[in-house]
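> In the working numbering, the protein residues as written are 585 to 1273.
Keep in mind the hints are simulated off the structure, nothing from the lab. Do not take every clue at face value.
[Said to hold, decoys possible] Straight-line alpha carbon distances no greater than 30 Å define the calculated BS3-like cross-link-like pairs of lysine-lysine that follow: (1) 1189 / 1080; (2) 1271 / 732; (3) 1080 / 974.
All of these numbers come straight from a predicted model, not from anything done at the bench.
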Amino acid sequence: MLISMLRGTTALFCLSLAMPAMAQDQPLTLPVAEENGDPGFLGTLILTGGKRDLSFGTALSRTVVDEEEIKDRQASTVAQLIDSVPGVTLVNGTTPQGSGINIRGFGANTTFGSDQKIAVQIDGASVGSEELYRIGTQLFTDPLLYRKVEVLRGTIGSFAYGSGIVGGVVKLETKDASDFTGGVPGFGGSQTFEFSSNGNGWVSSTNLAWMPTEGAEFLLNYSLRDQDDLTAGDGTTIGNSAFRTPSYLAKGKFTFGQDDAHSLTFSHSSTVADDKDVPYDQFVTTADAFGRVDRLTETTQTVLEYRFNPGSDLIDLRANLSHADQDIQSDYIAGSSPLEGTPSFPFLLPLVNADHRYETTKLTVNNRALFDTGAVSHDMLAGFEVQRRKRADQPSAPGGRDDRLALFVVNEMRVGQFTVTPALRYEKSRIESAVPLAGAPDSYEKDALMGGLALAYDFGNGLSVFGSAAYTEGLPIIDDLGTSATAQRRIGVSEKSHTFELGAAYTGTDVFTAGDTFTIRGNLYQTELWDITSYTVAGSMSTELDRVDSRGFELEASYGMANDFYVDFAGHLGEGTEFNPDGTDATWRNSPADRAQLTLGKKWKDRLDLSWEIVYAADRRDALGADLSDSTVHNLRATWKPKGQGWLDGSEVRFGVENALDADYVGHLSSPSRKAPGRTFKVTLSKTF
């Protein structure tokens, strides 16, 4: 049971909350900006002295990686940015093409880059949700295009974004021209160069911003990232880890009308990789039975958003029209598979020689309204969503069309110190095969009503408690189309899950010493998944699991002193069980490892920041389920901003040492042959103008 497993941890957490609450001053809080259009129950940001602001006064597990931390982490992939979030696992994550994101045991796994149970959005566009065998293209983009990455863990915060979301939501927000011009007319921009010792990696990223008037702004970004094969801690080469990815972003915004009530924002971003003679299987380091391919991968996102905010509490309207397009062209290299010439090869060739393309067009319209009904204050987000997903038909993956209509409402209601937030989503889908299916219907329809309830109570002394219950359904997808008995069984069922969470948080100033700030937040979660169509019994290709239970405890804390010394902590303890139809059970194969991340740092105003990060992980397994030993990784970082130094003003110098002690290990859920990179020195030079 979850409670018994975490009894000692919970007691320690409650004690840590109770002690400082005795001498609490007013908490130092900052409301979530309404600019992102999220419902108010997404919480309150806490100003801390560390690298990351935490959420407080909310039942939602929410972590934000801002632009400063994006630059500080010097990550090669977006997935590497967020694996520091509790409960998040980076699967095979040394390349943009192969990396996948797993949250609380759902998302990327050892077979596919996605299992449909987490949602990824770029400026509102839904990306990376296809189940392509051994291709981890869940989030193929460059981290330097973004100003913020937000991770919502669990189901309770997902109802405005999709159905069947069990692990959570990853939201990325691209940069704006006003980030460089200061929001005033004129020119601005930046140039960044980054160099990495491991793999001889380098990056160039250029931003050019222009605001001709206060009502218009334009941004262009071009980033080019290149690295050779990496070296592991034992000195061996990590095969299939080289890549070269050019990326670009074009974005414009127009603000007009009385009191600037109207705005129109356009963004278009793209990342490309042209890989020659690489293993078809992106999760491994050397070619196996699948052989080698020439692969061209191109991902683009185009978004047009209109906002009408006339200053009325009842109207904050947004209409977001998006189109996400991913094209993966693979050409098999003759003679590269040991199965060539055997009876098995004719069945293998369509898989490795396939061209995959999937496009998602979506319109989301919502309105946020603030109003009172007697003693109850409401912050309500309501809207609808229309989506069409198309996928080209290939022998290795069924093609077709998935049309969806959804209605949703999230209403945060405050009564005194209580906050009650019900959320509902109704979704209807129609899936149609791209080719006639002999002996089976060509189309299927399904609908579902799902929702949740979040409760929070603020004691007014910096301490709050919260809990939530959520239910969601995953409607059938294009991958479920087919004529086999297995496909017919899956297409008629929607996966179901419920998640329960319970937690507490504390925030305050002058807690342990004058001028300090302290925030801590912990929560227990338990998820059950049943009517399963996406996971089979170990060793079987057609028999689904009966159910999956996943449970854990997440803890985030940040402490900052008046002298700018800071401590950040993020940790996760958990376990999961998968149940077979015959009554047997086993450890849930995709459950996250137990993990603790501690950062100790010191700032000298806003000029110099030195930090030491320690990451410890236990209860780890590789992609084949074999146990891995515990791992400890040390990362060192330094940032120098020589402000007021003439031509150096606006420049930044960042130096990092990742895996400083050259630890030799395999990442949790990664292929046994794909070891983690060894010691890596990184230097970043940037100039804002």
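> The structure should be examined with respect to each hint, and the outcome stated for every one.
Status of each hint after checking the structure:
1. 1189 / 1080: With Cα atoms ~50 Å apart, residue 1189 and residue 1080 exceed 30 Å; violated.
2. 1271 / 732: Cα-Cα ~20 Å, so holds.
3. 1080 / 974: holds (24 Å)
Violation of the numbered hints given earlier is confined to hint 1; every other hint is satisfied by the structure.
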